[in-house]
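Asks: First to last, the protein sequences are chains X and S. All residue numbers for the first sequence refer to the numbering used here, where the first residue is 1 and numbers rise by one. All residue numbers for the second sequence refer to the numbering used here, where the first residue is 1 and numbers rise by one.
What the hints contain is simulated information worked out from the structure, not anything from laboratory work. Misleading hints may appear alongside valid ones.
Okay, the calculated bits of chain S under chain X, using three or more residues with CB under 8 Å as the criterion [to be verified]: (1) 107-115; (2) 223-230; (3) 314-328.
The model shown is predicted, which means the values in this text are computed figures rather than measured ones. Even glycine gets a Cβ: it sits at the ideal position worked out from N, Cα and C.
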Amino acid sequence: MSALLTRTRLAYLGIILLLLLVGIFQSWSVAMVMINLCLISAVMALGVNIQWGYAGLFSAGTVGFVALGGLAGVLISEAPIPEAWDVGGAGLIYSVAVLAALIAAVLIILTVMKPGTVRRIVLTFVILGGYFTVRYFFDPATEAIEGVNPAGQGFLGGLGLPILISWPVGGLLAALVAWGIGKVALGLRSDYLAIATLGIAEIVIAVIKNEDWLARGVKNVSGLARPMPKEIVLQESPTFIGWVEWLHSGALSTVAGDERIQMLRDYAQQDAGLFVKLIYMLLFTIVLLILFALAQRALNSPWGRMMRAIRDNEVAAEAMGKNVTKRHLQTFILGSAVVGIAGAMLTTLDGQFTPSTYNPLRFTFLVWVMVIVGGSGNNHGSVIGGFLIWFVWVQAEPAGIFMMDMLTFFMAPDNPVRLHLLDAAAQMRPLLMGLVLLLAMRFSPKGILPEPVRTVR
Amino acid sequence: MELLNTFALMSNYVFVPALAYGSQLALGALGITLVFGVLRFANFAHGDLMAFGTMGVVLMTYWLQAQGVSIDPLPTALLALPVGIALAVGVSLLIDRTVYRFYRRRRAAPVVYVVASVGVMYVLNGLTRFIIGPDDQRFTDGARFLISAGDFKRMTGLDEGITIKLTQALTVVVAVLMVAALFWFLQKTRTGKAMRAYSDNEDLALLSGISPDRVVAVTWVIAAVLATVAGTLYGLDKSFKPFVYFQLILPMFAAAIVGGIGQPIGAIVGAYIVAFSEVMLTYAYKRALMYMGPEGWGPDGLMQILSTEYKFAISFLILVFVLLVRPTGIFRGKVI
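Just need the whole structure built from these sequences, with the hints factored in.
Replies: Take a look at the structure:
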């Protein structure tokens, strides 16, 4: 145990050192951008670790839950668009009402009628009729909504609430979808959850990309509200300039007059950027710490012990009276919710919602690599994995180009092989990450920080 | 006459494309189901194995075309097929040797294989994109049509034509030949019987002296051959783009599970179910209804049940339906 503790401390120290090096050799701004994304990655890894490390559930659809969290960012923070509600709100509400009635009707038929051919025929007709009724209201409504000022709006807008609220809401949204998919796929073969989550992620992303009335689809929503003032506002604010003056009083005292004003303006500009990143960093750190503390408590509680028992031997746990399917559903929902929160955080940090960036390599697979390299079943491991793998990911592309450059230095600059290799270096990421995952699984299956061995006293 | 026109229209836009697409899916799903039956895991890398093998075919086709080799009216890709197959078989055996064998010896849980296969998927995907790039490749040549719309209209005097592309006809013929050969192999040869025995009960098969390494190797060879052929036919029919092949795993999984995973017959039936549902639900019925209805009448919308962007949702819905109603699939595959 103490060896693991030393190892954990060393790992954290190493990460801090790595980020300090980036700060010193690249720039502090780059380092802070990296830290912010590392923090978000760590939250995602924590979520996936709850699924994989605690319960051994493999979800191939993390990207879908990230996207749902991001969607929550838009739906919560954007101002509502009254014109859009005027033209299409009623139709949309009717179609939702019809949909609810349809679901109720199907449930009633399923309980009242006896199974058989008659029931099947009735069900088919009810579902088809209901579907076309929904479309009858839905199609004109969405078309009208998308027609409202399509260049800048063309969607319903959101609730106009502070964007921080979208973080828990993103978690809830993800949890809801996870509940649905878990209900269907859990309790069957373990591969089925992987396949089903792969499918739901594709669908979530297809919906977000194509349903323009919801969040503008691939036209993106940019300029989302932020939890702190913008850099421009900060640069003008007297309080902030006062802070900058105090911070740089040494440098400023060496010059005077116009030169001093110019210098102060430069400092204010530079510090405003850093300040905003710092605030994000604090917010993300708070979220990570809270989630980490909760995850750790859960892992060490009787519930966590039960989860490990189920993971290590399902049959034995079931024989002891544990409801394996229910516990799996629970962990799957919890993990997805954490991923959803991270998704909302990411959209907040970006300040925009861009559905085309949700690609499985970047969100599903990378997070997997983080958890497995970091050490599945160990929350510290997930955090370390999140930081380390994000660092490698960011540095992989320049490193790949550099490597190709070195490999082909003897060729003429316009040699087609050299050009192709340099061009293809951008494709190095999936290859590299796939290799990292396979090598980690093979040679270090426990990861950097293995799951602590627990013994009964 | 109106009815015949409707029939021709539907055949042209629904039946023929769905038949070709279903045949391509069937070959892919057969590979997935065989790997599942013998190695007992859902192979996420199958779509990218398809892409990898097809890449070999595409590059070889380009080379042959540059050499002036042609088997017009048939596409040159048929000549290049053995190269792609050899590449896919080689890489499959190499991956099994370096990745999966380790877990097999340790008798790891199925989910560990799945995770490993996701790793393999990205390695193959990276290699493919590294070698040929992520862009669209069109490598179809030779005659375009077996029956063109004009010919058909002239022959029958209908307003609507049925077009059968050569690649579609080729797909169906090749798929039938491949499936026949596969079933003959599984039913009649010693190795095929050993494979089925191993899939049915691993321990009993081992006791009977069946070599597991041999069975596994044969399975990979068959899966790679099927994947390359399926990928090449799909690429000839549409075009070759690595990302699209990655996306094909969802309909292929759906096909394998609908039919009953581990059951070769099931994979074929499932593939046609998925393909026909996909094409029928995303087809715009406007013109078909115009023929059926009174003169000069037409529906307002396109009469499309789902827009084509959501075609993957259809495989998913079928999958969910089957998991809810009959998780073993139509032909009672392995479950739990």
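Asks: Please go over all the hints and tell whether each is borne out by the structure.
Replies: Outcome of the hint check:
{"no.": "1", "hint": "107-115", "result": "holds (count 6)"}
{"no.": "2", "hint": "223-230", "result": "violated (count 0)"}
{"no.": "3", "hint": "314-328", "result": "holds (count 7)"}
Consistency note: the structure conflicts with earlier hint 2 alone.
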